Amino acid sequence: MYDFELVKPASLAEAVKAMGDDGAQALAGGQTLVPTMKQRLASPERLVSLTGIAELQGVSAAEGRVTIGAATCHADVAAKAAAHYPGLAALAGQIGDPAVRNRGTIGGSLANNDPSACYPAAALGSGATIVTNTRDIAADDYFQGMFATALEEGEIITAVRFPVPQAAGYVKFAQPASRFALVGVFVARFADGVRVAVTGASNNGVFRWAEAEAALSGDFSADAVTGLTVPADDMIADLHGSAEYRAHLVGVMTARAVRAAG
Amino acid sequence: MTKVTMTVNGKTVSADTEGRTLLSSFLRDGLGMTGTHIGCDTSQCGACLVHVDGKAVKSCSVFAQEVAGAQVRTIEGMANADGSLSVIQQAFQDHHGLQCGFCTPGMVMSAAALLAENPKPTEHEVRHYLEGNLCRCTGYHNIVKAVLAASGQDVSGLGVAAE
Amino acid sequence: MPKDGGIGASTKRREDMRFLTGKGRYTDDINIRGQVHAHFLRSDVAHGRINGIDLSAAEAMPGVLRILTAADFAAVGGIPCGWQVTDRHGQVMQEPKHPVLADGKVRHVGDPIAMIIAETYEQARDAAEAVLVDITELTPVLDMKAALAEGAVKVHDDLTSNLCYDWGFVEENKAAVDAAFAKAAHVTTLELVNNRLVANPMEPRVAVGDFESHSDQYTLYTTSQNPHVIRLLMGAFVLGIPEHKLRVVAPDVGGGFGSKIYHYAEEAAVTFAARLVGRPVKWTSSRSEAFISDAHGRDHVTKIELALDDENNFTALRTDTYANMGAYLSTFAPSIPTWLHGTLMAGNYKTPLIYVNVKAVFTNTVPVDAYRGAGRPEATFQLERLVDKAARELGVDPVDLRRQNFITPDMFPYQTPVAVVYDTGNYQATMDKLLEISDHAGFEARRAESATRGKLRGFGIAHYIEACGIAPSNLVGQLGARAGLYESATVRVNATGSISVYTGSHSHGQGHETSFAQVVAEMIGIDANQIDIVHGDTSNTPMGMGTYGSRSLAVGGSAIVKATNKIINKAKKIAAHLLEASEADIELKDGKFAVAGTDKSVDWAGVTLAAYVPHNYPLESLEPGLEETAFYDPSNFTYPSGAYGCEVEVDPDTGKVQVLSFAAADDFGNIVNPMIVEGQVQGGLAQGIGQALLENCAYDGNGQLLSGSFMDYAMPRADDLPMFTVDHSCITPCTHNPLGVKGCGEAGAIGSPPAVVNAVIDALQRAGHAHVTHIDMPVTPARVWAAMNG
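So the protein lines, in turn, are chains A, B and C. Residue numbers are given in UniProt numbering: position 20 of the first sequence equals residue 20, and the series is strictly consecutive. Residue numbers are given in UniProt numbering: position 115 of the second sequence equals residue 115, and the series is strictly consecutive. Residue numbers are given in UniProt numbering: position 625 of the third sequence equals residue 625, and the series is strictly consecutive.
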């Protein structure tokens with residue numbers, strides 16, 4: 001990979017300052033960025049490591065909300081969020097493999113917005129708020145297509161705030177090689193309705209499935225989504241499955257996610 | 001070049017690094033500890049797996065400077081103090097849990113991390129935990145058997161036809 | 001009970017000690033003082049004409065020592081092919097030039113164009129980005145049938161077409177086969193693809209070249225399954241270095257599965273460059289690079305037909321296969337779809353008439369060569385899928401149809417209609433054993449249980465035969481091999497009785513250091529710990545052919561037996577002298593030489609010491625010392641066989657196939673170390689299940705590899721597989737090697753793919769999807785779903 005300067009700020013303020021320079025890029029867990037850099041597909045001049053900043057770490061719960069520090073690794077979310085938001089913890093426990101979960105972070109995942117990543121489904125499906133050093137961004141405004149987000153240059157995700165639903169479930173049909181989601185569906189039932197977010201399937205990245213939300217808001221059962229279909233037009237087609245297959249899986253995984261939500 | 005110091009297998013060690021120096025390279029090239037292997041470049045295979053502050057980490061996906069000051073444990077630090085094989089290592093030998101040996105360091109480190117978290121895993125839990133460690137030789141059968149045996153469970157009935 | 005450390009004991013592996021403690025010494029662990037690094041700039045297009053290469057900017061980059069292109073290799077040879085196939089018209093195959101670095105054209109993504117040598121690896125990579133290659137892209141040749149069409153773009157301009165050869169086997173049988181089909185009561189036809197695979201041993205390839213000017217001595221450290229073969233090919237055909245000036249070392253090697261048999265361009269390049277730059281040159285492949293530079297496996301497209309009479313006897317078999325060679329001929333590529341494939345088309349059956357046609361085709365893809373099983377998995381897959389399909393069409397039990405057509409024990413030695421002679425076997429016995437260990441009788445109950453969970457359960461069976469220990473040399477020479485296929489061993493007994501055995505076989509996971517020592521320990525009757533097995537270095541082992549084709553114990557082990565017998569014969573002479581007895585009266589038992597019928601004896605160490613300190617020694621009739629070399633050239637292949645059964649569950653909502661259980665009943669002849677044998681089978685099963693369900697090396701329409709990393713090439717993982725039930729108690733010893741062994745390394749990968757696919761088809765058919773008669777591998781969820789809904 002190309003060489004760069006690695007800086008390890010101890011505080012968010014230092015990190016924001018370090019990110020101000022040209023060519024600087026945030027380094028979270030690095031589980032995607034490092035392989036990308038090995039392929040020489042990224043060439044930051046400076047990497048600002050966020051994993052040593054205490055204020056970006058941790059899981060807290062208050063007033064029906066769970067807040068996850070952006071640099072909290074998946075393993076910690078899986079363990080520490082379980083009591084407060086089991087559906088989210090279960091999703092975190094399905095990302096990558098144990099070693100990846102010990103490094104990869106929620107902030108890194110959301111900033112990268114891989115179209116097959118798990119966390120975008122949780123954030124969008126929960127109606128979470130992405131908190132940055134400058135503002136709060138609603139999940140509905142945050143995800144802007146494959147690898148595209150509302151983040152500005154130099155903006156750092158500091159935390160993700162999840163409203164805790166009455167029930168939630170995530171089911172991932174894994175792409176057999178990468179184990180990313182070929183299709184992953186996150187379903188969350190709130191007092192005022194159900195949200196359904198789909199990852200892995202669409203060329204436009206994570207999306208909400210309005211028809212399923214409407215059906216499930218009326219009847220939160222797997223049967224409620226039987227027969228519902230998403231159009232295959234914008235679905236990803238690749239070695240691992242056609243657009244039609246992914247569209248079909250969206251229905252199957254949604255029903256299973258509802259069952260998982262209990 | 002930036003000098004990085006950390007504790008590897010209980011010894012304080014230092015080597016010069018660039019920003020891009022990976023922990024795996026720090027170990028292999030900087031310290032000459034070649035037990036940690038590189039089998040891929042996409043963080044999939046797990047041959048490079050080591051423990052950083054007690055947690056399983058793929059050393060090919062972490063920069064050495066990120067883990068300055070950490071406690072790192074590698075395959076070279078897994079044997080007992082007298083040089084004999086640890087329980088996990090011995091189980092791998094007893095149950096033929098390795099063939100070419102290339103994935104073995106990562107497998108042993110991964111198994112050790114699993115058993116630290118979950119001292120009596122089921123077969124399903126072992127298989128699931130090892131999903132980030134690829135082996136091309138064994139078909140995993142004997143690796144899973146070795147990990148279960150290392151946890152003190154009876155493995156004599158595994159893979160044997162019911163009488 | 002076998003003696004611990006002797007033949008038949010599950011002796012724990014001695015090599016494990018270093019591997020478990022991080023002390024293995026793999027090629028990438030070797031760093032020579034003064035070493036520099038090489039990086040290969042590779043083509044990113046599948047087919048193109050090189051108009052020019054501008055190195056000026058790159059050569060000025062920091063740390064760059066030298067950049068080599070094809071012009072620098074003008075005076076040396078190309079990468080040779082080790083097998084020449086003669087086609088059905090008596091013409092030798094078309095054999096293209098295979099330059100070390102691309103010369104004039106690039107022919108696949110990954111074809112090396114320039115070798116950049118710099119002080120560090122990163123400097124070499126930096127400089128590679130500054131090399132300006134002017135390439136005109138050409139239409140890539142990808143589809144094999146289109147490649148053979150009139151006027152198709154040619155991969156090699158100087159060949160007449162993209163056809164390497166059109167092989168017919170046995171050509172003289174063709175008319176009789178066609179006639180048998182004309183009068184068949186039933187014909188079953190199947191068209192299928194044997195998917196292209198990437199071997200992916202966990203250790204990527206590495207090569208370190210060194211040159212010592214004071215002695216004119218080259219050394220190559222390389223990740224090879226056969227260092228002597230590399231020395232011969234590279235020394236004699238590429239670089240023109242005589243063997244005594246070239247040492248090739250293959251230290252601990254992290255798996256091969258065939259992909260490390262071949263002589264690769266990078267090996268020649270680092271060796272050549274070491275002399276040019278006067279420094280040791282190291283190249284380490286990344287995994288991404290391995291995907292586009294290691295030889296791939298399989299990639300056949302086949303139509304196969306079976307003719308049966310009105311009593312369901314097989315009367316004839318006919319196949320039509322297109323075999324992808326890739327862009328160049330890798331070392332043994334031409335032999336795989338021919339002599340390692342066509343000769344196995346009889347399978348376990350007494351089909352009297354067989355005709356095999358294979359068209360080998362050049363395409364703009366990575367060269368294809370042997371991968372675990374090599375030709376035999378392709379043969380077995382076709383045949384065992386076909387027999388299963390025939391049984392379904394005829395409404396008979398697939399097990400019964402197989403049994404009815406099996407070659408029976410009384411028929412051995414059995415001359416097949418495809419040239420080979422099976423020496424021994426008992427296929428009914430392995431089938432019986434399989435049905436027992438897989439609890440076939442309980443299948444219906446398990447299927448019903450699956451159905452309660454909405455899952456479709458199926459049972460699939462396959463019976464395979466393979467040919468291992470390819471030989472004899474004089475025969476394979478007639479078939480086009482440009483090498484002998486013997487194996488060698490030197491047994492060096494030291495003065496105090498310890499033994500070093502130098503073998504031409506190479507262990508890269510097979511455990512030779514343990515099992516070979518068991519053989520010698522058993523023969524002499526001493527502790528196995530007194531015996532070391534040495535391999536992998538041409539400077540100390542006799543010329544050997546290496547390890548592939550499940551040959552090591554059958555051929556290499558036989559050479560060790562031969563050399564050890566020479567040792568024992570000489571030791572008996574020494575013992576006779578020491579005991580003042582007749583040589584004919586000396587018996588060796590448990591490491592002691594005794595005079596029959598007396599209590600007079602001398603122990604092993606007493607004899608070995610006398611050999612090296614020959615004070616009391618028959619010097620007039622016997623040389624001092626105790627060291628013998630033997631070369632063993634087998635008189636026939638060995639023929640392991642076995643019955644495999646797979647049970648799967650299909651999720652009808654997603655098409656996902658879960659392998660619930662897999663049972664293997666193999667006949668490997670005699671067994672030296674059951675633990676190692678079982679491990680070999682388990683590993684082979686995982687690769688075969690991987691081929692059947694997961695692994696897919698696929699190119700897009702531009703010749704770009706779609707599955708170019710572990711992110712898209714699905715390697716079997718621990719949670720993809722069940723525990724395996726492996727049995728090797730059915731034994732018909734090989735009749736023509738001294739150990740009676742057959743070889744076990746490839747069986748798992750050969751027998752399992754058809755068992756898995758048969759199980760999936762069984763599950764779908766039982767669930768009413770009668771129209772699904774075949775799904776190509778890998779049987780991915782998407783393919784199963786499409787088939788069910790097609």
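Hints are computed from structural coordinates only; laboratory data are not their basis. Do not take every clue at face value.
Pairwise CB distance ranges, derived in the manner of DEER restraints [claimed, not checked]:
1. GLY227(A) with ASP44(C): 44 to 50 Å
2. ASP157(C) with ASP29(B): 58 to 64 Å
3. ASP134(C) with GLU117(B): 52 to 58 Å
4. ASP53(B) with ASP157(C): 58 to 64 Å
5. PRO231(A) with ASP134(C): 41 to 47 Å
6. THR452(C) with GLU117(B): 58 to 64 Å
Facing chain C, according to a computed beta carbon distance under 8 Å, are these residues of chain A, among others [said to hold, decoys possible]:
7. GLN39
8. ALA42
9. PRO44
10. SER178
11. VAL252
All values reported here derive from a predicted model rather than from experimental measurement. Glycine included, each C-beta is placed from N, C-alpha and C at the ideal position.
Here is what the structure says about each hint:
A C-beta distance of roughly 46 Å is found between GLY227(A) and ASP44(C), which places it inside the suggested range of 44 to 50 Å. Between ASP157(C) and ASP29(B), the C-beta spacing of about 44 Å breaks the proposed range 58 to 64 Å. ASP134(C) and GLU117(B) have their C-beta atoms about 56 Å apart, which keeps the hinted 52 to 58 Å range intact. The given range of 58 to 64 Å is respected by ASP53(B) and ASP157(C), whose C-beta atoms sit roughly 60 Å from each other.
For the pair PRO231(A) and ASP134(C), the supplied restraint of 41 to 47 Å holds, since their beta-carbon distance comes to about 45 Å. Between THR452(C) and GLU117(B) the CB atoms are about 34 Å apart, so this pair departs from the stated range of 58 to 64 Å. Hint status for GLN39(A) relative to chain C: holds, with the closest Cβ pair at about 7 Å, below 8 Å. Hint status for ALA42(A): violated, given a least beta-carbon distance of 14 Å to chain C, over 8 Å.
For PRO44(A), the interface hint is violated, the least distance from its beta-carbon to any beta-carbon of chain C being 15 Å, above 8 Å. Because the closest C-beta pair between SER178(A) and chain C is about 4 Å apart, less than 8 Å, the hint holds. Interface restraint check: VAL252(A) against chain C, minimum CB-CB distance 5 Å, threshold 8 Å, status holds.
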